[in-house]
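From first to last, the protein sequence lines stand for chains A and B.
Position 137, counted from 1, in the first sequence is what our numbering calls 137; the numbers after and before it change by one each time, with no gaps.
Position 208, counted from 1, in the second sequence is what our numbering calls 208; the numbers after and before it change by one each time, with no gaps.
Honestly, I wouldn't trust all of these hints.
All copies of an identical chain are treated as equivalent in the list; a pair is satisfied when it fits inside any one copy or across any two copies.
Stated by the list, open to error - Taking lysine to aspartate or glutamate and the EDC-like style, the derived pairs with C-alpha atoms no more than 20 angstroms apart in a straight line are: (1) 141 with 122; (2) 112 with 192; (3) 170 with 143; (4) 104 with 122.
Just so you know, the hints here were simulated from the structure itself, not pulled from any lab data.
For clarity, every value in this text was computed on a predicted model and none was experimentally measured.
Number of protein chains: 2
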Amino acid sequence: MTIIVALDPPLFVDPYEWIYTRYIQLRDVVEGFKVGLPAIIRLGVEKISTIFRDYNKFLIADLKLADIGDIMSLSIEILATYGFNAVIAHGFVGIEQALDIASKHCKDLGIKLILVVSMSHDGSREFIDKHLDELIDIAKKIESWGVVAPATRPEIIKRIRMRYSSTELKILSPGVGVQGAEPGIALCNGADYEIIGRAITLSSNIRESALRIKEEQSYRVRQCLGSL
Amino acid sequence: MTIIVALDPPLFVDPYEWIYTRYIQLRDVVEGFKVGLPAIIRLGVEKISTIFRDYNKFLIADLKLADIGDIMSLSIEILATYGFNAVIAHGFVGIEQALDIASKHCKDLGIKLILVVSMSHDGSREFIDKHLDELIDIAKKIESWGVVAPATRPEIIKRIRMRYSSTELKILSPGVGVQGAEPGIALCNGADYEIIGRAITLSSNIRESALRIKEEQSYRVRQCLGSL
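Okay, chain A solo, but in the shape it has when bound (with noise of 0.2 angstroms):
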């Protein structure tokens, strides 16, 4: 079970239904789900918890928290009080007065932190890729649970696995399906779950999408592993 879906409604529709239908029909298959900053803003995460009541898996709020430690407590505690057991930050902003703040919270409040080491985009590289054993370094000092890095950058998800274990650092790696990258591959690579969105979400069969999609990266994980 390696599978995290990621909910980013798009503009047209009705984006609790939307949320709604797809988690009813992935909640058995997936290990979580990933609710985007989009549909977060819009709904608001007290009608989002509606959803997810009796949800006990992991239920990831994307926020790219990247503000001083103070805001980043505060939206924190929001996510606590309604349901969600995981955030998602950047560490650029730094430890000092910000992720040194918004990691006590978490741990306070029983919330997985995961923290952004690599982006996916171009823009990526103008900054961010710069910095990454800094930002990897800086997951691992405030005792982060994990961080992001695209399955669609493989040397990046190798780098951090060699620098530090699963039990240490769980790696999350989006980039999935439409943005390019196979299913399983991340695994292969050192990730712990890969991030799906539109390959499952917008498919027209959505459970399908998710059960085949699971049959491929439990394929390409024992082709890796050389048992075929």
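Position chain B against the provided structure of chain A, taking the given hints into account.
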């Protein structure tokens, strides 16, 4: 008229009521409002829009966007739909496939784009400050309406103003009041607006505090222009 009020309702209040009462008391004495991420995720933009329905000055969504272009654009479209006319994003995500797309969407929708180029917390020195000049240039290159730079660090405000005039790039400065900068100091150094939160919103007489701070701004600006 140079005050923009930062609205960040504390956790244990009704955030709708809290924002509404402050809006009513302040709307005719300040230049605009900046609504923070915590309040936006808590209430959702649709509900927030009912407070500001007939407002035509600045209404800034302080999301500190830092994502790939498609996700930032989706957020920007949602903001535009619900009456926001400005949004804050991070320069750190870079231009290609990120800020280039966000900037185009802002222009198409009549939304003012404001980039963070420096922050007030100590962690800003770890990464962001090292790229100050590049971030300022990115703001100009993608034709941002303005940038955010802290009132507590006047040398940075001066540096931005030396590179670009006020007609080229507006400077919005938070950090006035509780965070330590005195009203008017950022204006004296070249800022166009001072963003003021708790010194107004948590005071016992909200409207009085705003009016008093306006007077302090005027006094200090006259002083630094040498007319006192």
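Do the hints match the structure? See the list:
Proximity of residue 141 and residue 122 under a CA criterion of 20 angstroms is satisfied inter-copy only: 17 angstroms between copies versus 27 angstroms inside one chain copy. Taking the closest pair of Cα atoms, residue 112 and residue 192 come within 20 angstroms of each other only inside a single copy of the chain (15 angstroms); across copies the shortest separation is 39 angstroms, beyond that limit. For a Cα distance limit of 20 angstroms, the shortest separation of residue 170 from residue 143 inside one copy, 11 angstroms, qualifies, whereas the shortest one across copies, 38 angstroms, does not. When the C-alpha separation of residue 104 and residue 122 is checked against a cutoff of 20 angstroms, the pair qualifies only between copies, where the shortest distance is 17 angstroms, while the shortest distance within a copy is 32 angstroms.
When held up to the earlier numbered hints, the structure conflicts with none and fits them all.
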